[in-house]
Every structure is written in C-alpha cells, then in structure tokens.
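*Asks:* Chains A and B, in that order, are what the protein sequence lines are.
The numbering used here numbers the first residue of the first sequence as 1 and each following residue consecutively.
The numbering used here numbers the first residue of the second sequence as 1 and each following residue consecutively.
Since the hints were made in silico from the structure, they are not lab data.
For every residue, glycine included, the Cβ atom is placed at its ideal position computed from N, Cα and C.
Take the hints with a grain of salt, since some may be wrong.
Chain B regions said to be covered by chain A (calculated; three or more residues, Cβ under 8 Å) [stated by the list, open to error]:
no.	segment
1	57 to 64
2	122 to 135
3	138 to 151
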Amino acid sequence: MNEPGPGASLEVMPPSLPTAPALTDAERRLLLAVDDPQYDGASGASDRWFSAEVQELRLPGERLRALLGAARVDVRDDVMDVIDGGFERLGFLREALAGDVDVVQDVFDALDTPAVPLRDVLPDAPADLMASIWAGIEDSDAMLLSAFGDGEVHGPRRALVSRTALREAAAQSQLQAHARIGAQVRDAAVQGAEVDLWAAIGASIGADDVEPENDVGDELREAVSALPGIDVAAEVMAAVAPRERSMPRWVALGGPIVALAMAALVLLAVVPNLAMPPGASSKASIAQFAPFVMSAVNDAQVEDLETAHDVVAQVVQFDDGGPTFILVDESGASGGTL
Amino acid sequence: MTFLQRLLLGAFLGLASLSAPVFVPSAQAADALPNKVQLSVLVVHATDSESGVDPRLASLASSFRYFKYKGYRLLSEQRSDLAVNGAATYPVEGGRKLKVTLLSMDDARAKLHVEMSNEQGKVLDTTVNINRDGTFIISGPRYKDGILMLPLRASY
Numbered sequence: 001m002n003e004p005g006p007g008a009s010l011e012v013m014p015p016s017l018p019t020a021p022a023l024t025d026a027e028r029r030l031l032l033a034v035d036d037p038q039y040d041g042a043s044g045a046s047d048r049w050f051s052a053e054v055q056e057l058r059l060p061g062e063r064l065r066a067l068l069g070a071a072r073v074d075v076r077d078d079v080m081d082v083i084d085g086g087f088e089r090l091g092f093l094r095e096a097l098a099g100d101v102d103v104v105q106d107v108f109d110a111l112d113t114p115a116v117p118l119r120d121v122l123p124d125a126p127a128d129l130m131a132s133i134w135a136g137i138e139d140s141d142a143m144l145l146s147a148f149g150d151g152e153v154h155g156p157r158r159a160l161v162s163r164t165a166l167r168e169a170a171a172q173s174q175l176q177a178h179a180r181i182g183a184q185v186r187d188a189a190v191q192g193a194e195v196d197l198w199a200a201i202g203a204s205i206g207a208d209d210v211e212p213e214n215d216v217g218d219e220l221r222e223a224v225s226a227l228p229g230i231d232v233a234a235e236v237m238a239a240v241a242p243r244e245r246s247m248p249r250w251v252a253l254g255g256p257i258v259a260l261a262m263a264a265l266v267l268l269a270v271v272p273n274l275a276m277p278p279g280a281s282s283k284a285s286i287a288q289f290a291p292f293v294m295s296a297v298n299d300a301q302v303e304d305l306e307t308a309h310d311v312v313a314q315v316v317q318f319d320d321g322g323p324t325f326i327l328v329d330e331s332g333a334s335g336g337t338l
Numbered sequence: 001m002t003f004l005q006r007l008l009l010g011a012f013l014g015l016a017s018l019s020a021p022v023f024v025p026s027a028q029a030a031d032a033l034p035n036k037v038q039l040s041v042l043v044v045h046a047t048d049s050e051s052g053v054d055p056r057l058a059s060l061a062s063s064f065r066y067f068k069y070k071g072y073r074l075l076s077e078q079r080s081d082l083a084v085n086g087a088a089t090y091p092v093e094g095g096r097k098l099k100v101t102l103l104s105m106d107d108a109r110a111k112l113h114v115e116m117s118n119e120q121g122k123v124l125d126t127t128v129n130i131n132r133d134g135t136f137i138i139s140g141p142r143y144k145d146g147i148l149m150l151p152l153r154a155s156y
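Let's have the full structure, built from the sequences with the hints guiding it.
*Replies:* This is how it looks when you write it as structure tokens:
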C-alpha cells in the first residue's frame with residue numbers, strides 16, 4: 001500500500017468546494033483527484049493521492065469527467081454501471097461539483113433517491129443548486145401530486161413524482177381525488193357562466209315584469225299599433241318629390257311666347273282676308289246664317305247672258321221692285337259648256 | 001333663352017308681321033271705303049220633300065210663291081268684300097262654282113260679272129248691273145229632288 005511519505009500532507013480542500021459534514025475522507029480525496037488536472041487514474045500516479053479506501057472508490061478519470069458533463073456516450077454507460085453498483089452518494093457529488101451533466105436525468109433515475117435523504121445531505125449546497133432541488137422537494141406531497149395531475153410538473157421532477165405515484169398507493173389515491181375535484185371545479189365554472197339575459201333585456205324595453213317563457217308577441221304588436229300612424233310611403237315620396245313649380249312647365253319654358261303665337265293663329269283663322277292685300281281674290285268665307293235682308297228696290301239690268309249648249313236661260317222679274325230671276329234650265333243639257 | 005323659346009318667338013313675330021297691315025271689319029270698310037262691295041251669296045234648296053220657308057229667307061218668301069216647290073231651305077250663305085276688279089268664288093252644291101267679279105261701282109249701282117260652272121265647265125256667263133243694296137237671283141240648277149236658287153246681294 002502506498003502511503004504518503006514523511007512530510008507529505010493532504011492538500012487543504014479549496015474553499016470553493018462545498019463542505020458536507022457527511023462526506024468521508026475518501027470522498028473528499030476523490031473530489032480533489034477529479035479536480036487535479038495531473039490526475040491519471042490509469043497511470044497509478046494517484047496512488048500517492050489516495051488511500052486504499054479512496055483507491056477502491058477511485059474511478060477512472062473519464063468516468064469522473066462524465067459526471068462533469070463532458071462524457072461520451074460510452075463513458076456514460078460506464079458511469080451508469082458504476083451507479084447501478086450502488087454508489088449512493090454519486091448524485092451528491094455531481095451536484096456538489098455544480099456541473100451541468102447531460103446525464104443528470106439518468107443519474108437521478110438511477111439513484112432513485114427519495115427526497116428526504118437528499119434533503120439531509122444537501123443542506124449547504126450552492127443556492128442555485130438548492131433552488132432547483134428544493135423547488136421539487138419543498139412542495140408538499142399533495143400540491144406536488146395535484147400539479148402532476150394537471151400536467152404542470154415537467155422534467156426530472158415529473159419523472160420522480162411518477163415513479164413515486166406508481167409505487168405508493170397513497171399517492172395514487174391523492175391523484176384520483178385531485179382529478180375528481182378538478183372535474184367538479186370545471187363543471188361548476190361552466191354552469192356558473194350562464195347569465196340571465198332576460199333580466200337585462202326586459203328592463204331595457206320596459207317588459208321586465210314579463211316572464212321570459214311567455215309569448216310577448218301580442219304585447220309588442222299592441223304597443224306598435226298604438227303608435228301614431230306613419231305613412232312610410234308618403235314620407236319617402238315627400239323626401240324625393242320634385243320641387244313644385246308655381247306654374248306649369250310649358251309656361252315656365254316660354255308660355256307667353258307660345259300663347260301669343262297661338263293667338264296669332266286664331267286671328268288668322270277667324271278674321272277673313274286678314275293677310276290678303278287689297279283687290280286680291282280669295283275663297284269666300286261662309287258666314288253665319290243671319291236673316292237675309294232684301295232691299296225694297298231691286299233693279300237689276302242684265303247686260304249680257306251666255307249659256308252652254310242645250311242650256312236655256314230666261315230673265316224674269318215677277319213683281320215691281322222684286323228681285324230679278326235668271327232662270328237656268330239644264331233639263332235639256334247634254335254636258336255641253338261655254 | 002332656350003332654343004325652343006327662340007323658335008317660338010320667331011314664329012310669333014312672323015305671324016304678327018303678316019297680320020299687322022290688314023285688319024278692318026267689313027262693315028266699317030263699307031262706310032269708309034265706298035269702292036268696296038260686300039257681296040252676299042245664298043244657296044237655297046227648293047224641294048218638295050220639305051214644306052215651309054226657312055225663317056232666314058222670310059224676305060224672299062213673296063218671290064218664291066211663283067214656284068211650284070213646297071219648301072225652301074237655306075243651305076249656306078257666303079260673304080266677301082270685293083273691290084273693283086276683285087273677284088270671289090263660291091262653292092255651290094252639286095259640284096258647281098259661282099265666280100263673281102266686281103267690274104265697277106258708283107254711288108248708285110254696281111256692275112257684276114257672274115260665271116257659273118259645273119263639273120264639266122262653265123254653263124252660265126252674264127253681266128248684271130244692280131242697284132246699290134239690290135238683289136238678283138240665279139235659279140234653276142238641279143239638285144236632288146228640286147233645284148237651287150242663288151240670291152246675290154251687293155251692299156255698300
């Protein structure tokens with residue numbers, strides 16, 4: 001057995017390392033060995049560093065570095081093998097070194113360490129480490145189970161709780177109770193969402209004394225019928241009706257001129273020879289049939305007289321002062337003319 | 001002014017210009033202008049299908065007694081003012097026409113040239129010198145069941 005030589009002494013643990021009263025000397029030395037960059041487990045140079053106990057607990061450097069997060073997968077498996085071998089305090093060491101290890105979940109699962117022992121051995125761990133650990137430990141069992149049932153526990157804690165729930169009947173009972181309570185709370189929330197709308201509507205239209213299940217159609221119809229009659233069509237037409245003119249349109253457009261033109265036409269029609277120059281011949285107009293007045297003296301002298309062939313004419317005056325007749329006999333006429 | 005207003009105004013002014021120079025009632029013209037004669041031409045139907053004398057022909061009833069017809073009905077009366085050398089044509093039932101021309105006039109008498117035509121042509125052509133306000137009658141053209149009588153009066 002290699003033992004430190006005379007004068008050799010253990011190095012003082014750097015102050016940054018956590019001090020856990022429960023740590024054994026072997027564990028302390030192991031920590032120091034991991035921290036020492038000159039440490040090479042394979043070379044045996046660590047013999048001067050470790051006692052037999054430490055050597056028994058010694059792990060190859062690679063395996064230790066795996067705990068620090070820089071492990072390869074195959075090394076990870078070796079570490080797991082060591083952990084399965086019952087190295088109970090390995091989880092503490094990992095946390096004590098405050099390193100991010102990508103096998104943390106596996107380590108915790110492999111440790112299968114109850115929350116109480118962890119609490120006991122980690123009273124002085126760094127604050128950030130403690131916050132993450134206590135966050136999963138400080139919750140009471142009931143709160144933790146409730147959060148777990150609501151899907152609010154994630155990560156390592158969820159795995160831990162699930163393992164516990166599977167193992168412990170009490171935890172299972174609590175989960176079931178939490179599920180029932182949750183359902184009841186949700187149902188109550190849905191039912192509580194129903195609002196009596198009729199109370200608000202009825203008050204706004206002055207019918208809040210009417211039961212909503214009653215037919216309010218009759219009341220509404222009576223109320224509408226009682227309103228003053230409104231001729232909607234008339235109102236609309238009044239709004240769109242064209243502006244009334246004070247006079248007919250044709251008058252506004254030139255009625256006076258048209259009226260004068262028409263008056264001129266009437267004069268032409270009524271007054272004979274109105275537009276005829278003096279002496280011109282014209283078609284005689286038929287005047288009104290007034291009583292014919294004959295003069296007392298009617299002295300006519302026929303200066304010449306010609307008739308058509310086969311037409312006989314005779315000039316006769318029956319009475320003195322009476323009219324002269326020119327008797328024309330066409331009885332023998334054969335169509336001849338002058 | 002719109003186009004329609006201008007058009008109507010122009011039409012009116014045109015009509016007014018035509019009517020402005022002549023507008024003299026015939027009665028006033030006779031007194032004031034002795035050189036015009038108002039000629040009245042009546043068309044009377046002498047028939048046996050009717051009886052009586054048209055009241056408007058009462059002044060001629062005494063002259064009708066010399067004819068055999070039972071009734072005398074006034075069919076039309078036409079009047080025209082004739083100046084010297086002026087003429088007027090009157091329609092007469094049976095497709096006839098009567099054209100009268102004032103040849104001359106003085107204070108006492110008027111000379112009228114009378115032409116009566118039918119559908120075939122002129123059948124009567126005469127010149128009558130009638131006293132002022134005197135009447136002569138052309139009678140005899142056949143019409144329906146009787147004859148026509150055409151009193152002509154020259155008033156001035």
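*Asks:* Would you mind marking each hint as holding or not holding in the structure?
*Replies:* Here is how each hint holds up against the structure:
With a cut-off of 8 Å between beta carbons, the segment 57 to 64 of chain B has 6 residues touching chain A; three or more are needed, and the interface restraint holds. By the rule of at least three residues with a Cβ nearer than 8 Å to a Cβ of chain A, the coverage given for the segment 122 to 135 of chain B holds, with 13 such residues. With a cut-off of 8 Å between beta carbons, the segment 138 to 151 of chain B has 6 residues touching chain A; three or more are needed, and the interface restraint holds.
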